[in-house]
Amino acid sequence: MSLDTEVDALKKVPLFRDVDDAKLRLLAFISERMSFRAGEHLCEQGESGDVAYIILEGSADIQISTNHGPATVATVKQNDVVGEIAILIDVPRTASVVATTEMKVLAIAKDNFLKLLKNFPDMAIEVMRVLAQRLERTTREVGRLRAGSAGAEK
Amino acid sequence: MQKSLFGFIWKFSKRQQLTILGITMLSFPILYMTLELPKWIVNDAIDGSDFPRTILGYQLEQIPYLLTLCAIFLGLVVLNNVVKFVLNVYKGVVGERMLRRLRYLLYFQIMRFRLPQFRGVSAGELISMMIAEVEDLGVFIGDAVATPAFQGGTLIVYIVFIFVQDPFLGAAAVSLYPIQGYIIPKLQRRVVLLARDRVKNVRKISDKVGESVAGITEIHAHDTSQWHLADITDKLLTNYRIRLEIYKRKYMIKFINNFMNQLPPFFFYSVGGYLVISGELTFGALVAVLAAYKDLANPWKELITYYQNLSNMNVKYDTVIENFDPPNMYPPTRLDADREEDVSLDGDIVFNNVSASFGSGQEVADIRLTIPAHEQMVVFGSGSSGRTEVLLLAAGLMDAASGRVEIGGKSLDQLAESALGRDIAYVGPSPYMFNDTIRGNVVYSLRHRPVGPAEIDEDEHKLRLSEAKLTGNSRYDFDASWEDLASAGVEDARDLDQHILDLFDRTGLGNDLFRMGLKSNIDPEADPELAERVLEARRTITERIRSDEELRDLVDLWRADAFNPNGSLAENALFALPSDPSVPLEQIAQDADVIAALKEAGVHDDLVDIGAQVAETMIELFSGMAVDDSLMGDFSLLTNDQLPAFEPYVRAYRTGGYAALKPEQASELVGLAFRVVPARHRLAEIDDDRAARFVSGREIVRKRLEALGGRFALFDPEHYIKPLKVEENILFGKPRLDRRGASDRIEAFIRNALSELGVRDPLAKAGLDYHVGVAGSRLSPVQRRRVGLVRALLKRPKITLLDGTVDEEPRVIDEIRKACGDNTLVVGTASTQVARRFGRIVVMQEGRLVQDGDYDSVASAISEDQDEDHRAQADEAVEAEEETA
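As you go down the protein sequences, you meet chains A and B in turn.
Under our numbering, think of the first position of the first sequence as 3, with each following residue one higher.
Under our numbering, think of the first position of the second sequence as 37, with each following residue one higher.
For reference, chain B alone in the conformation it holds in the complex (with noise of 0.2 Å):
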């Protein structure tokens, strides 16, 4: 990358710069033309004489030639402001293009970092790096060449008038320039300086906020929080220190600035007045150069800031360029869009007396070793043995210090990413989860290069192109389709799902998949098949329920005829829930034709009633008494904000009634009536006329919210139901609260007759849409190991290196085994369990390759402590992860 700013403003925009440099000259004669012509209008046109004038033939009285040049007058205003639109306007094109292309170069910095070098910078404090700190610059760059080529060439023009006029003058007033120059730079050095300090700590800062939030079981589980929060306190006063600092010696220069600025009038009226009373100059030309001197220092002032600016910016170039340049990055050819070398990595894989260090201390030395091709083996040692360094080696993610590794002849470090990333996997013992679906990780390793266009416009596609090219930007289109199908040897994306299944049910995942489709919204429209198995389900389950006294003594079906006291007032009288899954309950009561669909049914009153007797309970349990979140946030309907708020409904709904409540406080008391579950919260009287009356009310309803086209989704045990999940949607029904266990019975009965119907696949693959959260934090660890497992095997490498990653499952291993058929397969475990499952042991100590044979020939080798030692962390990863669950 170029060291300094202007190097790269350079070499990536002359051009432009240049462009914007012509442009603001071609501005100059307008801009001279606008200041001249008025001077005609009133000297020649005002109060001239000798007309009718000439102008390109054709002859002019005096009026007729006022309002000609008053047009012409108007014509250049407009062209002088089109002029500086379209000046602007470049400035902000070329600004925000290279913008874009150092962020770009940023991120792909990142990318050419090797592992080592992430040890030393935080997230934090690169995504500041990339995003805030380099904002500014965009703005800069369109000023860059422009504003001191102009304002450097008004102050020369003005500079030289004034000496034209009068040498001794205009020494005069350019005498203090050399001691601003000598001056401003000195306290503007200070400035840089603090500036970088600021922007350190800054980092700081935001660094601190992203450890905070990655670490915030350890800050409530060990009451650290005063802790960071001082320590936050005392960066932001650092931070506030270097400011106050910065804004002293900037105003400072100011100061300094303007007085200099105003000295030199001092030395025209004394000195230049003495001249004119001596007769050396005349009157006229001490006016002139009065005027000229003040119009002088508007160009300095631009320089000056333009000169503080840029320091600025400068140093904000360099405190972000020395943190993405470190020494012995990865060439940028590893990365190569255009390397697809069709290397095939088919063959041993030879450890060459490779020595190795991973930073902190572990390393691993001298290793002599021939993995020969298709052999299926086991690196065993503990975490600290070098075990994990042998793979990483393996896997071109680390390099030798000395040695060689190669794979079929080819040294590892040559290779590009294109050739290493397809043909060998590595899993490590916490693969990284995206924010994504877990179909989307999984699939995730098949996304090398887009493998169809994207579908978007001809215009859109050509326009994306041409910017990608300007701004040195990725030339692949992210809404292109990605995912490489042939790579994964399937043919279509229902293969693919498929395929994927499989190889879930064979790592142990498939039931988890399960029961996560279970759970999961489905969109009927995208997926009628699943949604019709759902419904066919939903009639044999119903049937089984209806047939079977002690499974229908758990239930409460859904029927249109019926009163659900274990469903929600919300479901009880719209027979309905809104399509979109994520609009609360309370929420729906804010929908003006729901309430007059409520209205027209007759139970708006009822609900409004309801609503004002849950909230008087609530009021007088929870408001009253000082209780604590505990009982607040598990059991009260309202939270502690909302309490006070509903207490003048209340009032107003005794007093008065009905009328005396606005529209939308009556809304309020619907949304929280909707909410109730009568089984759970008998709060309010609900006898069997207002049962019925919510029942006869759901046909009017219904029609009504039926019109509003699509945006609620109507009970109907004929038809899917968009907002319920698929295990709501099979039951059509609530499991009954006041029968001990009756959720979990039948959740079980559920999932049983299921698997018998056949279902189970098809939910399962409904499970691959399950989000994992951020950095998969909605998965165990168990969980995410084998979503990474299935992503590795996926692509199927012929080399496949797994890091403790089945060690707290060995059985899962022989499937692993299967899966990979013929090709290389290396498992880096410290458990027993898992070694002896294979045929050929190699075993690290120490960063020391010490045994290396079948499992009876090393097992002096493997300790026992060694082996309970892992046990005793298995056993923990084990626990933690049911903890999760």
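So that you can see chain A by itself, here it is in the shape it has in the complex (with noise of 0.2 Å):
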């Protein structure tokens, strides 16, 4: 149980990659630790979230209610992490997270998280570019797409 442990973890985080050692020390202090028994819901949909989990033992299920009861739409492990967004804004939480496993996790509570960017500018800009990553991934994907639907009128 000690904080290598939980660093190792966040460097694996694609939001944290480029953050340096010494911070992701502080990030893994102020988080918490918290363990799940296979069946628990680490976060349920529609609720509004303010945690982030980074998995550093055992797996989840997503899963989103349709009409026929909850869907397994993906499968987290390993230093994967789940809710990164409502760390960042206030949005319901998509999917519910569902242990299948014993489970070990590590917490980021919204308000700490914000404190550590507060604290560390260059954090922030590390995190925007990965964000920034994604809209432009997103974007292209978005405009690849309408290309398609375009052309599939034609």
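Calculated directly from the structure, the hints in this document are not laboratory data.
Worth double-checking, as some hints may not be accurate.
[As the list claims (entries may be wrong)] Straight-line C-alpha distance at most 20 Å; calculated SDA-like pairs for lysine to any residue: (1) A:25 with B:671; (2) A:106 with B:771; (3) A:117 with B:673; (4) A:106 with B:588; (5) A:25 with B:670; (6) A:112 with B:773; (7) A:117 with B:666; (8) A:112 with B:666; (9) A:106 with B:773.
[Unchecked claim] Stretches of chain A that chain B covers, calculated by requiring three or more beta carbons in the stretch to come under 8 Å of a beta carbon on chain B: (10) 21-28; (11) 36-45; (12) 114-122.
[Claimed, not checked] Examples of chain A residues toward chain B, derived with CB under 10 Å: (13) 8; (14) 15; (15) 31; (16) 53; (17) 87; (18) 106; (19) 109.
Backbone N, C-alpha and C define an ideal beta-carbon position, used for all residues, glycine too.
Both chains are sitting in their own frames, so use the hints and assemble them into the complex.
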């Protein structure tokens, strides 16, 4: 149970990939270590979320509710992160996360994360860069889809 | 009160002042003899002849004669000093008694202020006047008569002596006194005026400081600290300027005085010298005059100092008194301690054409109203409608400008507080909370007069009483028991608690009390019964947790044979805590016995190692990076100031190991380690071996701590653990930090289980010991109103007047109506929800009574928007309350 293993996990999260070690240690320190039993919900679809989870051990299903009950759309495992958008803006959870095994996770609370960003603007820039890359990718994807659908209409 | 300082001194200490004067006079002959005797010794005993001499029939040779005189001399010296000592002590006694009397009088005057008069004064100023400003008077009063009499007398003796030697030189010696007598008062007058300004300025400063403390939220909320700082800067500058002016004048007076004192010798030498040469004066006489003049300087200087002091004290007295003597105060008889008339305020409340104004333009005009005894009714209106004034008038807290308010035919302004305050209860929208427990705040309404003797020995009691008499203070003993249980209708303290709890349940605060009880620390010795019930609850609840898988997963129970990562390392290592809950964890390591116990148990080095690791990580995380308080304060185990202090410890430990640390440095590290909660902090490696060492060491630590005689409370499933809160005692474990929401869920479980077990009421009673903080700051506004309400209901008043007390929860009013039973109840409200529950409603608008009847008949006057306004206000109040909660 030491910070080092948590830092290793954090380093594998794309959002924090280029943040230096010392700050990640601080981030790990101000986060909480939590455990979940198989079947427990890490978060609930529709709830307002203010925590991101970094999975240190175990795996979980991402489920969205459909007319026919919950449907699993993806699985997350060690070193994956869930709910990172929630620590940046207030949005309801888009899916539920249900533990499929015993899990150990690192919970990063929104308030603490924002305090950290406030203290280290270069870390904020790092996060911004990652988000911008994602946006760029999404924009390209949307453009491609549009072009595709426009082509199909013709 | 006496208008002048001397009037005050003379009226209350005439005899004492004359005694001081008497003792002073008594010291003269002794002083004279101590001056005279050395002459005898030299001239008569050493240099004399004709021995043996006869003293009191004894024949003495030269040596015995000398020794006898020396012995007498020694005796006189001792006697002289004894007289001086007695005199000084007596002066001190007189001065302090007078000061005590003055302060008591000032406080008594405050009690006599009428309500509107409090609008013009600030607490900060009153405190500054009553405490600091009159302080010097104590010293002065002892000298007030003796000094001028003594120094003046001495001065006159010397002057007469000089005049006898030569009238002309005598005239020269005193020639400048008239000039000094003219100039010095002029300068002093200016000093007096400045002193007055200074006092007022200082008062303003203390008022500003008081205001800043009270309004600190506003200051930070509006970024006005700079404005306040500038304000103080300005006031301090004014203070500096005034003081500088005072100094200048004071030393100018000194300068003039010194100069004038040294001028006459000029005349003595010139004119006196001329007279000697011309043979009109003997040389011896001139020397005698010069010597006498030298002695003259001292008493004169003393007199001048006294004069300066006197004028200074006069200013102080005047500037204080003028604030405590406003016109039209309550007559002293209203507060008379002996006035215990058996007036029963049982009867109709009648307003005969009453008009009144309460400062600031709010007024009520021409109110004609009869509230029959035993009726329960409503006065409806917004805050500025005159509703509050009507209730204050009925409570006798405000006076009619014209017309009369009568209860049962007796005019309220003629009645003493002892009658008004027992039969009438008034609760406003924000009742004041005293800095005491909830119980203290509630039973407050029963403290009219002592009901039993104080538990002090007879001599102490007599002393207190005689001192109180000598200084005109209250003869009631504060340590006596004051709670008049009979007026609450209960037999003993136990009944009283139950009764209070019933009232709180009725007013809807019972559950809050229960919660406070759970969070409180109780003393198992003071209340063994409650402690026993808590232990019973612990057994049941532990059992339930053990048998319920889900609950078991949320709690880490304390077990003597297991490490608890959700508890602090202090608790884990000692399996005990200091009996005094106010001792912080890190301070335990300063206890040499604890360190010795840890060493013996073999975990001391582990703790030092953990402490060093933690300090190192803290330094790495917080020292290297400039982080602000939001992160530091919430997360760092070391403050910004502590970080550099720990740096050398860590360095020493890393290079030289344990041996390189001084014992106190090692203790600091242990203290730091004590605060670590492994499940939360994850800072240090606590492997299974280490954890096992902590556990196996507990037995040795326990034996050691046990020997310390109650300084530590050992964790024991069968005993109440004093430093832990009631809730922690019941759980005897820690909610797991790694399980989401464990602490909330466990708390809810405990609360439900306790209600089931019937422990709720005893714990709610423990909640009565909750401290409300300064002005009730630890309670929400609603809670404060409820406490005020219970305070009022407890004394079973014949007339209960509530003003805006229950608007936020109209349902409570039904319970209050029941609690009031057959007694008169008048509820001031702006809520139609409250109003519609009553059969009679009086509607106030703009200071006039506009409607009187049942709800339907006055419905038109209760305009909708008025109600809306009010509802908005109530909502705001609720929101504010939630925020504070």
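Subject >> Violated constraints from the hint list, given by number and in increasing order >> reply: Hints 14, 17 are the ones this structure does not satisfy, whereas the remaining hints hold.
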